[in-house]
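*Asks:* Residue numbers (UniProt numbering), protein chains in the order written: chain A, 1 to 403; chain B, 1 to 366.
No lab work stands behind these hints, which were simulated from the structure alone.
There may be inaccurate statements among the hints.
Stated by the list, open to error - In silico DSBU-like pairs for lysine-lysine, Cα to Cα no more than 30 angstroms straight-line:
(1) K230/A <-> K21/A
(2) K393/A <-> K155/A
(3) K267/B <-> K236/A
(4) K108/B <-> K182/B
(5) K267/B <-> K352/B
(6) K393/A <-> K267/B
Given the structure is predicted, the values throughout are model-derived calculations rather than measurements.
The primary structure of each chain is shown beneath.
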Amino acid sequence: MDFEDTAEEGVFRALARAFLKENAPPPPEAGAAIVSTDLETARAWQRAKADAGFAGILLPAEAGGRGGTVMEQIIFDQEERAVGAPSDVHFMIGLGICAPTILQFATPEQIARHVPPLIRGDEIWCQLFSEPSSGSDLAAARTRARREGDGWVIKGQKIWTSGAQHSDFGLLLARTDGSVPKHMGLTVFILDMKSPGVEVRPIKQISGASHFNEVFLDEVHIPDARRIGKVGQGWKIALGMLMNERLTVGRVFSPDVGPLIRVAAQTEINGAPAIDNAMVRERLARWYSEQQGIRHTVSRVMTALSKGRDPGPETSIIKIIDAAREYEMAGFALDLLGPAALDRAGGADAAPALIGAFLEAPGTRIGGGTEEILLNVIAERVLGLPGDIRVDKDIPFDAAAAR
Amino acid sequence: MNFEFSDEMIMLGEQAERLFAARDARKTARAVLDGATHRYDAALWREMASLGWMGVAIPEAYGGAGLGAQALCIIAEQIGRSLAAIPYATTLYLAAEAILLAGTEDQKQALLPAIAAGERIMSFVDATTGARPGQVGRDGTIHADALLAPEGEIAGSLVLAALDADGEIGLFLVDLSQAGVKRAPITTIDPTRNHGLLTLSHVAAERLGSGAITRATLDRLIANAMIPLAFEQVGGATACLTMARDYALERHAFGRPIGSFQAIKHKLARMFVANELARSNAYYGAWALSTNAPDLAEAAAIARLTAIDAYHFAARECLEVFGGLGFTWEADCHLYIRRAKLLASAFGGTVKWSETLMAQIEPRYR
């Protein structure tokens, strides 16, 4: 066991540091409102990284990536965060979910056309999976693709599509055959988001923000050359994407106890500092222990990845724990602040961010696999417990949908 | 980064797992609980000694193998998993470490080889706190009533943290074969970990080393022991999950294995989540202990907290999965409930260790 870089890792870290020192834009001023990085700044930074071989580190060099190792990606992420470089939030779905899928299942022509501009940030990608009537039960997608001439015509609706409003392309899961059971009749396509018949409508969340969209697809034409994999192979492709998604989601955040300790130090309970209250201290200690447990679990996952092993569904524990912590910690901080927390504008300095986190957290618990689905995944794939009884599994989709 | 045990350590763990399974350590633990076997699993203890497992963390100069703290943790996990009724924890995580920390060269030479050979079972008591702390007089003797001592009925010697004649903290060695030592049995929640009440009537107490130690040093000695102890807890919690999983596959209700119901699946999955979190923190503790990392005290408290929580949760939910059967004396579920509670209570539970942790991290964040 050690936490030191190997010789090669040390060389790469030095390369990354030198590049970042020379090229990274200055971080936002301390105390500035937390806003998502604007697209043009993020794009310029993505291009700079791509030119230097630091974008798409895990993606093959011939497709515009680096062809590097997991540890190189992790090291670059660490160093990039340390200098406060612009967030890659706009490109994460493309880089983390879409590109690996395209590389695995697409034709050489499709790869050559789509992956290099994806890595450079010239084209932004989204994934069009969930629908109003199929979220956890993704294989029940109703969006139809019907064959017409040299292509397909899409009709249906997607929902919870992150970043659809900025996207140039999306990977679309659609039903090409309703006469077979649901898992067998799906196909994945590359959808040009600027095609006629595509309408994107942002969804306003309980926090007031709009990260997600509804995407309406009304007789949208997709050439057959933009189909990924075989007709009917969609479910297999989608499953691979979901695993990538859970890894990406697991990477995004782990709420820090630090600000909560500061809130407790600055507030009082019946005239005594909250930080001296035994119940407050026990809660803080528990959350901190979980935070470190997540950190060390990530180290275990990284070790497995760096040794070429698949860390598997075990990584689900990261999201299960963090989503609960985010909600509970923000809620607890608001309780500590008391009435000062209620005034979003004129109250405690910490209140707006805490209210924001409190209202965002329920989405984290649902997005990228609900807590319940993740528990099922652990139960079935890690612990070997029987799958649920799925009454529609062997019935043609159209017959099941009609019931 | 390489946050995994070495192949050598993993093989040691597998070897321990096989031995404890082959000797059915849990069965002997139950026999101890039932009063059918006397106090501890002496045969298993001897066999472990012959394999050199008492001495894994004792330096080679004192008859050990010098494999370090990680090896101790690896064996601890399998002890916890198998519920082995042996005096490993007190003898090695505390008493042997106290001797290594404070003892003179002569004391180390006299004591550690016997411990490494499995010939000497040790007790450890911290008598420095409470209304009447233990105090060793200027004549080098101590008088103390009713010291609650782990391995108190079976230990040959006691490492006692007590006040010296000047009121400073010292570590003292008390030979429990002296006249003036009286032992009384005591039934704790988990008799598979021996405890006894010791009455010391002006018996000789030999100071380990030549002078007093600080409260911080004593705290550190105890905190360090919480890391291998966390491995025992993680091992126990893992055993609970395995046992409950196996039962959920075998037991049918409403025409299906109960493990096909989401209520049961989610219960087991949540046990897995808690166990893995505790395991990650225990692993980090093992690394911190073996490298004497700057954040060792913090790592110990964190390993302790999550291990206590995971074991309590797993033991309780395991019993629940077994239903009424789990509540019977015959089923093994209560052995884990007992052990989980004993290990949690032994050195203070989550409230104490939360406070210990907060004292470490609060100044850094304020």
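*Asks:* So, against the hints stated earlier in the document, which numbers end up violated here?
*Replies:* Per hint list: single violation, 1.
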